[in-house]
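With the hints as a guide, bring the two chains together.
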Amino acid sequence: MGVDTLSRRGLLAGLAAGAAGLAIGFRLDGADAQPAGPAAPAMLRANPQLDSWVRITPDGRIVVLTGRVELGQGILTAMRQIAAEELDVAPERLALISGDTAETANEGVTAGSQSVRFGGEALAVACADARATLVGVAAQAWGVDRAAISVRDGVIQGAGGRSMTYAEAASRVSLVRPVDTSARRKPPAAATLVGTSYPRTDIPAKVFGQQVFIHDLRPEGMLFGAVARPPGYAARLVSLDMVWAKSLPGVIEVVRDGSFLGVIARREEQANEAARMIAASAEWREGAPLFGGKSVFEYLRTAPSETRTIHSTEGGGPGARRHTAEYRRGFQAHASIGASCALARWEDGRLTVWSHSQGPFPLRGDLARGLRMQQAAIRVIHVQGSGCYGHNGADDVALDAALLARAVPGRTVRVHWTHEEEMTWAPWGSAMVVRLEAGMAGDGALTSWAHDVWSFPHSTRPASTDGCNLRAAWYLENPVPMGRITDGALPNGAAARNAVPIYAVPGQKVTTHFHTDMPVRTSALRTLGGYFNAVAAEMFMDECAAIAGVDPVAYRLRHLRDPRLVAVLRRAVEVSGWQPRPVTPGRGRAQGTELIGTGVGLSKYKNSDAHVAVVARVAVDVGTGAVRVQRLWAATEAGRAINPDGIANQIEGGMVQATSWTLMEEGRWDHRRITSEDYHAYPIIDFGHVPPIESVLIDRPDLPSIGVGEGSQAPTGAAIANAILDATGRHVPEIPFTPERVLAALRG
Amino acid sequence: MLRISVNGRSSEVDVDPATPLVYVLRNDLALNGPKLGCARSQCGACTVLVDGRAVRSCQMRAGEAEGREVTTLEGLGTPARPHPLQAAFIAEQAAQCGYCTNGMIMQAAQLLQDKREGLTEADVREALDHNLCRCGTQPRVVRAVLRAARQQGA
Ligand code: FES
Ligand code: FES
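Note that the protein sequences, when read in sequence, are chains A and E. With this note's numbering, letter number 700 in the first sequence gets 957, and the count goes up by one each step, no holes. With this note's numbering, letter number 86 in the second sequence gets 100, and the count goes up by one each step, no holes.
Derived by calculation from the structure, the hints in this document are not laboratory data. Don't be surprised by glycine CBs; every beta carbon is placed ideally from N, CA and C. No false leads were mixed into what you were given.
Label pairs and their computed distance ranges (CB to CB): (1) A44(E) / L960(A): 44 to 50 Å; (2) T932(A) / Q73(E): 21 to 27 Å; (3) E694(A) / A136(E): 43 to 49 Å; (4) G945(A) / E131(E): 21 to 27 Å; (5) E997(A) / R130(E): 38 to 44 Å; (6) E83(E) / M630(A): 46 to 52 Å; (7) R429(A) / T92(E): 41 to 47 Å.
A few chain E residues facing chain A, derived, Cβ under 8 Å: (8) P34; (9) Y37; (10) R54; (11) A59; (12) Q107; (13) L142.
Isolated chain E, as found in the complex (with noise of 0.2 Å):
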């Protein structure tokens, strides 16, 4: 038995402690916001922030999260409350399929934590160099994160 605590919530999980964190949160726990990409740390659509930080949730074991406090895109807001990013990304549109977009808004929370002022474009840039869209939404991804930036200063 694992247990592990995701966006305020323990859960007990009966899993092998060496799964990959990805699978649990999806399959054992019924989360949508990590989603399952290339599983080899390429394209960071399984973005999760663990104490925080934004880890690959296909890289972590399930048993490396036990005591520690993991955050799913769910976690991060909800439409009555939304996080800066998650209104930000709406005002922009900043997305086609939006299969990417959990990695980019995960990425961009520990960059708006990190760097709260005088954010730039080319931090943004830089802090989403590893995450992958192939639809080709990165200029509208850049506006919106710029634009929670904002938000959030605000």
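Only chain A is shown next, with the shape it has when bound in the complex (with noise of 0.2 Å):
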């Protein structure tokens, strides 16, 4: 049985079991640089047609495509009560194909919590056009008015009984045209499917052990790639005695091109066994030592960086006294629970590539740069992987099984990094310092606010137009090194998102220090700057709460004048219990051998999407300086929303992992490369952690629905920072904040 039959089949039985369901989605920093505005029309823009969004068959399916890709996040779920929403059809009688290039539009990377603003909205206008147009035959072949006509799953039906089925309409007319984007969506109030918690479409599928992850495609003759890593990120490949290596057990290809080294062999623990072996017996040339053997923080604030102010604004004054604070954030990484893997096959030159990555098109353009061949003679098929923060290896080891596969033409090869693999070479999300500066009146109102930010990139990854972002190019005999390296413009921004204040403040001004250079490669990882640079700025905010002597909540309120944000935080603080109270530094509230505080933070990702405030409670041990998340209490608004139950599990999916993020994760490395390759070296939250969370949505059907899928990173993060001021008044001014970190606060 050939690949693609058995592919495909799988694919689609995974589809027709189940393809998910919510509603956010990470977007692609390009892309990032649009201003938000009416997305619809850019997205059709740029997929004019309406057949790459929906077809229906001649035997009656009715099929909808999405560019964009299941994460685990339930976009598919969310996508399809959409489209069954705006075609009037029962939405498990839909078939969903997502994330091939050579079927569905090219959306670009699902990426940025963008695909319900946008992908999802550009769906919704193209089944609108489809239906109205089904519905204007049958208007007309009964020439009646379309007004007296009605949908019911599929079936067009007027007076008397008579009825004609989406597929007899569709012979009467062509689909495959433009999208009319005229085409009007159903009314929020008559929506009967969209606002629900429909269930997961896929998760039948993952507790009965089905066929769902790209892990699980065997096709027939399947061999096993495995790539022999160098010592470090600089090292480049001497010699090597092919012969031994070709006689390893079960390989059958060993493939060097310059540095990049890897094998075939018949068995998967073949593969890595020869790989390994492979790597330890080459001779390998090291490179220069990272960081020049500096620290990160003190590599960030010193080595030569791109220096712009991009944000200013008027007014705003010294004010009576000025608060400065530094913070910092070392290395995080993806950690996925799953490495990354991509089957590849080669046949008469052309490549068939199947991938879990983000964007399915932008990995196509890279492969073809990397692999010096026309893009045309690529398919890249997404199928699900391991859940994905953002960019991790998925893009890396689909150019890693390209190469490999090369060498054994006809047959499918596939490559399942370990994990090792993963921590140590997929990228990590950048280490970052920040600076602010606030002018304060003599009332404690904020008069002046400077924020700068120190980062590597956030977004490298594939969709350049230039070089290839995939990290076998660069070690090639005729490498292709990577493209340009840009930051995120504002109004979203990549390494200064969210460095815009969200509060009236005169006297703005955000300046990035943008490092290109990465001894440590870094990508987008989930929110990108997001994260830190609205930790640094609540938590300075409750430090000037502090000298100004209020409560953190009316002090906030006081800075506040969007009323979703106002909405969001008044709620959190209703169902959280919040005791109004000044943060009293330098003084904790003892119960036992245990201090315990309670901390807020807010945040309107990207300034933009979800608003979302976070309370927490935290227990601060004063003998060893552990901290206790006692309890999370979350308020989240993201416009209309399109699965209740969708947003729930990503909001407190969110902090679960930024609870990890802001107490434990920290990526450490050697002069050669990161050395966390593991759970022990690099751990995440385990059950025993993970406190009790306790979310509220407020829904707005009235309002167009926003990206959630990363919109309680930095409020969660954000209010466990605050939590522990409250509780021992000292400033723990970096993450994590590990035991050692905050017994030196508390000692100092």
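Next comes the structure, spelled out in structure tokens:
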């Protein structure tokens, strides 16, 4: 059986069994540069053909297509709801195709919590257009007004029991034409599916062990590939005994191209073992030590960077007093439970790649440049991977698989990185330094606000128009270097994401110090710079409130003009039973050997998306400095909710992840490479540390849906940080708040 | 040749007995339930039941499974006859990407065997403390296991 048949069937089976549900997504930075606006036309301008969104086949199947991909966020369930709503078809009857360069619209990267807001809107307009067109066919055939016609589960119904299926109507009109963007969506009040917690369609397949993941694809005759990694990022291959390498158990081919070295074997464990032995026995030339031996924060502050003031407002003044503070965060990892995986097969010079990339189309472009071939000869098909929180190894492994499979034309090669490879070789979330400075009037009101951020890149995804951002390409005999690196522009920003204050303060200034040289390769990790910029700003707000001697919530309300932020803040305060009190520096409230504190964090993701307020209660052990989050409360508003339970899942999941980031996660490295290569070296939160969470949603069906998938990270981190400040009265400036750091602050 | 019994079916596999069981289950027997995660006994994604006990299949050699009964997620229940845990994970929508789900369910299956009565949230958290989820679904997983326990008790 051919791979196509098998994988298509697998894919469709996975989709029929389900394909998922809610409203997040991350998006690429090029797209981040576009201001949020009337989005559907933009997405439809790029992909105007109606049949790249919806198709009615002659046998009556209704096929909905989306360029967005499932990352475990439930987006395909949300898309199914949206399409079914507009088409008036039972959602389970829709066949869904997502992220296939031969089929779907090119929607770039599924990222930036953009999918519902942009892709969903476009899909809705296309489906509304299709429905209106088909209803029009029936109206004309029956000589009646379209107002007298209704649709039930894909059957058009008129007076006197007349009916026509969508398939019949579609046979009398062409749906192969551009979308009529003036098509009107169903009014929210008439919706029966959108706004409900329709169950995720992919979950049953996942609990019964059906084929869902890319790791589960097993085309006939498949071989296994693995890459032999250099000892460090800058190391280069000097020599290898190829004859010996080829004689290792199970090995079929050894591929060497410059310093790219890999094996193809009959069995997965043989490929991994051979790659390990080859890497260990090859002779490598070491490169220069990472960060020139400095600490990463010293490097960020002192190595040459591009400094730009990217935002400023008039007014303001020095005020009666000033407050300045600096905050730091180390490298943080995706640390997905399943490592990256891809399948590749070459046939007659054409390449097919199965990938869990967030952007099948941009990946295809970079594969073409990396392999020096036409992108028309490459097809990339999305298949789900393990949960993905940004730009991990998904794209890189596709080039690894393609380079290896080239040695065995006609055979499919699967490469499934080891967890250590993922941790060591995939991009990390950037280490960052933020410095804040504010002026305050005698009454505590903020009179100016300056936010400086030092950072490595937050997007080095495929999708550049030059170069190749897939790691293996840099190690080839004829290397294809990385494309030009730029920082995402405001309003959404990348390094400066959420650096523009959400508070009404005069005299604002945001300055970036952007490093394009990356001793440790960095790229998009959920929220990009948004989490840390907002955490730093919210910590700073509490310090200002402490100086002013005012309750942190009251202090925020005093500086807020955005009614949506006010609403979530008030709601979180209400559900958490917040007790107003000024922050009193230097004095915690003791309970046995613990200090108990409560803190609040507030954010509007990207200054344009989800409004989320979080309250945290923590206990700090005075003997060890260990912080335990006792409880978290959240209030969220993201416009019209497509799937409330899906939003809850994303918001709560983000709170758990942010608790982990904030308290425990930090990458370490030696002179060659990242050494945090497993869950011992880079622990993530376990069940024992996950706090009880109470989260409420404010639904606003009157407002457009906005991105929610990355909404809760920043306010959660901020609330925990501020709860520590409340408990200890001490400024702990570096994330993660490890016991050692908290203890040092307590003793300092 | 190894002869191993998985989900009540006996199979012969031509493989080195030292091969970690997870590769044999996934690649030779084409089972999707057990997932390959860390391969270092740190995440739990690969968990299966061996003679009813939860085992990390990345750590057990295939040869050690000879003469014992291996149960994977596929063998626990089916869409037509779901195990209470499978039904509860659906009811609670206790997954995001679902890569960790196998481990959560298989580890919890042992817990429900061991402790049928009076299962508390603390019991569930303790039993699953070495199963990682990066998507942050732990609160839902706890709810799902408690729901399954109630179902099973009923
Ligand atoms: S894969 Fe076996 S415990 Fe992680
Ligand atoms: S649901 Fe993604 S790792 Fe648990």
